[in-house]
Amino acid sequence: MTIQAVGAVARPVPVTQTPQRPVRTAGSNLRLAGRLAVLLLLLGFALIFLYPFAWLLAASLKPRGDVFDNALIPHTFNFSNYAKVWQQLPLVHWMINSVTIALLAATAVAVSSSVVAFGFAYFRFPLRSVLFGLVLATMMLPGSVTMIPTYLIWKNLGLLGTWVPLFGANLFGSAFYIFLQRQFFLGLPRELFEAARIDGANYWTLFWRIAMPLAKPSFIIVFLFEFQASWNNLQGALIYLNAGSVEGFTVPLGIAFSMTKFSPTAGGHGDYQYVMVAALLVTLPLLALFAVGQRYFIDGVATQGRKG
Amino acid sequence: MTQTAATAPSATASPAPQPAARRRKYNRREAIAGYLFILPWILGFLIFTLGAMIYSLVISFTHYNLAADTIRPAGTSNYRALLDDPLVRKSLGNTLFYALLAVPLEICFALFLASLLNSVRRGAGLFRTVYYLPRMTPAVATASMFLLLLNGNTGAVNHGLAAIGIQGPQWLVDPNWVKPSIVLMTLWGVSGTMVIFLAALKNVPRELYEVAALDGAGPIRKFWSITLPQISGALLFNVIVLTIAAFQVFDQAFLLFWRDQSNASPDEALFYAVYLFQQAFRQFNFGFAAAMAWLLFVILIFLTFLQVQIGNRFVHYEGER
Numbered sequence: 497m498t499i500q501a502v503g504a505v506a507r508p509v510p511v512t513q514t515p516q517r518p519v520r521t522a523g524s525n526l527r528l529a530g531r532l533a534v535l536l537l538l539l540g541f542a543l544i545f546l547y548p549f550a551w552l553l554a555a556s557l558k559p560r561g562d563v564f565d566n567a568l569i570p571h572t573f574n575f576s577n578y579a580k581v582w583q584q585l586p587l588v589h590w591m592i593n594s595v596t597i598a599l600l601a602a603t604a605v606a607v608s609s610s611v612v613a614f615g616f617a618y619f620r621f622p623l624r625s626v627l628f629g630l631v632l633a634t635m636m637l638p639g640s641v642t643m644i645p646t647y648l649i650w651k652n653l654g655l656l657g658t659w660v661p662l663f664g665a666n667l668f669g670s671a672f673y674i675f676l677q678r679q680f681f682l683g684l685p686r687e688l689f690e691a692a693r694i695d696g697a698n699y700w701t702l703f704w705r706i707a708m709p710l711a712k713p714s715f716i717i718v719f720l721f722e723f724q725a726s727w728n729n730l731q732g733a734l735i736y737l738n739a740g741s742v743e744g745f746t747v748p749l750g751i752a753f754s755m756t757k758f759s760p761t762a763g764g765h766g767d768y769q770y771v772m773v774a775a776l777l778v779t780l781p782l783l784a785l786f787a788v789g790q791r792y793f794i795d796g797v798a799t800q801g802r803k804g
Numbered sequence: 031m032t033q034t035a036a037t038a039p040s041a042t043a044s045p046a047p048q049p050a051a052r053r054r055k056y057n058r059r060e061a062i063a064g065y066l067f068i069l070p071w072i073l074g075f076l077i078f079t080l081g082a083m084i085y086s087l088v089i090s091f092t093h094y095n096l097a098a099d100t101i102r103p104a105g106t107s108n109y110r111a112l113l114d115d116p117l118v119r120k121s122l123g124n125t126l127f128y129a130l131l132a133v134p135l136e137i138c139f140a141l142f143l144a145s146l147l148n149s150v151r152r153g154a155g156l157f158r159t160v161y162y163l164p165r166m167t168p169a170v171a172t173a174s175m176f177l178l179l180l181n182g183n184t185g186a187v188n189h190g191l192a193a194i195g196i197q198g199p200q201w202l203v204d205p206n207w208v209k210p211s212i213v214l215m216t217l218w219g220v221s222g223t224m225v226i227f228l229a230a231l232k233n234v235p236r237e238l239y240e241v242a243a244l245d246g247a248g249p250i251r252k253f254w255s256i257t258l259p260q261i262s263g264a265l266l267f268n269v270i271v272l273t274i275a276a277f278q279v280f281d282q283a284f285l286l287f288w289r290d291q292s293n294a295s296p297d298e299a300l301f302y303a304v305y306l307f308q309q310a311f312r313q314f315n316f317g318f319a320a321a322m323a324w325l326l327f328v329i330l331i332f333l334t335f336l337q338v339q340i341g342n343r344f345v346h347y348e349g350e351r
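As you go down the protein sequences, you meet chains V and D in turn.
For the first sequence, the working numbering gives the first residue as 497, with consecutive numbering after it.
For the second sequence, the working numbering gives the first residue as 31, with consecutive numbering after it.
Treat the hints with caution; some may be incorrect.
Said to hold, decoys possible - Pairs of lysine to any residue residues, derived as SDA-like cross-links and limited to a Cα-Cα distance of at most 25 angstroms, are as follows:
1. V:Lys-712 - V:Ala-692
2. V:Lys-651 - D:Ala-98
3. D:Lys-232 - V:Leu-526
4. D:Lys-55 - V:Gln-679
Please keep in mind that the hints were generated in silico from the structure rather than gathered at the bench.
Construct the complete structure from the given sequences, taking the supplied hints into account.
This is the structure we're talking about:
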């Protein structure tokens with residue numbers, strides 16, 4: 497900005513333009529003030545969004561009596577909370593259960609949705625657009641409509657009490673992910689596939705050897721989205737795991753269980769510091785995923801808007 | 031859904047006039063391969079969507095006894111019970127109230143944040159990352175945090191309000207403040223909507239603003255005349271998606287108020303999806319719960335249809351002159 501101004505002075509300026517110059521600096525001052533205001537607002541909101549995390553970290557380090565004191569720097573650091581939480585709660589079991597189920601759910605849906613998406617993107621067959629319209633329409637269906645019959649299906653298959661109901665339906669693809677992968681496949685040049693066909697490649701080879709390696713970015717989006725969805729799946733766990741042993745819980749069900757366990761109204765001693773430690777620990781895997789794959793998450797969400 | 035299914039046969043019938051030309055378009059081997067590729071979805075659709083919907087509709091007209099695994103017809107009695115149950119009305123009212131409060135606030139807040147991010151050249155990425163973090167926090171973690179943050183006496187939110195001279199309410203206890211509490215938690219995680227708006231804002235052609243500036247339009251005029259029409263597609267999408275989500279709000283309400291079965295929480299905290307879940311998997315009133323689910327579905331279809339109808343009058347589509 498200043499460099500430009502100096503340049504403007506050094507240049508021989510026509511007389512007619514001189515009166516404009518003070519106006520221009522006033523304008524840039526105003527713009528500078530505007531930018532400063534925007535920056536301050538952005539910082540303010542950043543603090544609001546970050547505060548609960550700082551609060552959580554602090555609370556997880558406090559002794560029982562101090563959890564409610566809102567100090568961002570604990571008066572006494574109780575690092576032992578992090579050692580004791582493992583005896584207080586079967587957190588290791590919950591984490592292993594959740595990681596296993598999330599990996600199964602994400603892998604199943606990412607692979608199956610890719611297969612289906614390639615079917616819709618590459619092949620020409622009767623009723624293709626009608627069927628794809630149906631795929632999109634299923635996104636509108638509230639989960640509660642199919643919740644009870646789905647439970648009965650798993651019950652009749654004798655799979656209640658197993659993990660299958662928490663990822664089994666993912667083997668058949670999922671509407672939004674099919675949409676996402678199809679968009680990507682449609683962007684690949686058709687000549688690529690025609691050339692491979694001439695070389696004698698079969699349809700599966702086109703998909704597995706050519707399309708899939710290129711579709712890695714959107715495959716990762718689908719995988720990460722579903723991993724997160726599965727990690728957060730409270731209702732499914734309530735339906736399918738609540739009757740079983742506490743060790744068999746997933747993370748969301750386990751944290752819900754501990755919120756009650758330590759609550760004085762349920763006979764606990766108000767040891768909320770352990771809930772805070774647990775809440776922090778179960779958030780870390782997702783934050784780690786975000787640290788590694790931030791652009792995939794953001795791209796995936798932005799794509800949602802483009803389908804509208 | 032049912033509408034689309036009903037139109038499917040007519041869509042097959044329409045290309046009838048030129049069957050020869052039609053048939054030549056498809057390569058048989060290719061078509062069969064295509065169907066094989068989409069077979070997983072077809073099976074899933076037939077079992078977990080269409081089959082489940084029909085099953086659910088049937089159940090809604092029966093008394094289902096899970097323990098004995100018997101069904102006996104109930105006629106419309108589940109639906110009549112639905113209309114008579116004061117808690118259905120209460121929970122539907124609560125959910126509607128929540129949606130009316132949450133959706134406009136989410137839209138405004140998300141659009142405001144996205145506009146801020148869009149107006150800076152450097153550092154926007156860093157701020158976007160920070161703003162997105164709440165979205166990565168599991169609902170259980172958010173709920174257990176806010177359980178303490180929103181405590182009426184000791185919570186940080188009320189301490190913050192006290193610092194600027196406002197006496198905060200008993201967020202999680204006072205029946206009037208239960209829904210605003212959930213709205214607050216929802217707003218903390220608004221960044222998904224924000225990212226969609228941000229993507230839309232980045233697509234607005236810069237020349238439009240330059241032309242408007244030459245015409246002497248101020249920032250407010252530019253927002254109403256350029257920005258809003260240009261992002262109206264994303265706006266409509268967000269309104270629809272957030273409304274559907276608001277009508278199904280479950281996790282936060284369940285965790286804060288209904289996780290243990292001692293029903294000490296006020297009726298004001300009973301959301302439709304929570305009551306439906308209780309009826310289905312606490313009381314095992316499958317028939318009643320299925321009827322509730324269908325009522326929700328009909329309401330959502332109606333609302334979405336309405337929003338699309340209204341929205342299409344205002345939405346500006348590129349290339350449409």
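The hints, checked one at a time:
{"no.": "1", "hint": "V:Lys-712 - V:Ala-692", "verdict": "19 angstroms, holds"}
{"no.": "2", "hint": "V:Lys-651 - D:Ala-98", "verdict": "13 angstroms, holds"}
{"no.": "3", "hint": "D:Lys-232 - V:Leu-526", "verdict": "24 angstroms, holds"}
{"no.": "4", "hint": "D:Lys-55 - V:Gln-679", "verdict": "23 angstroms, holds"}
The earlier numbered hints are all upheld by this structure, with none contradicted.
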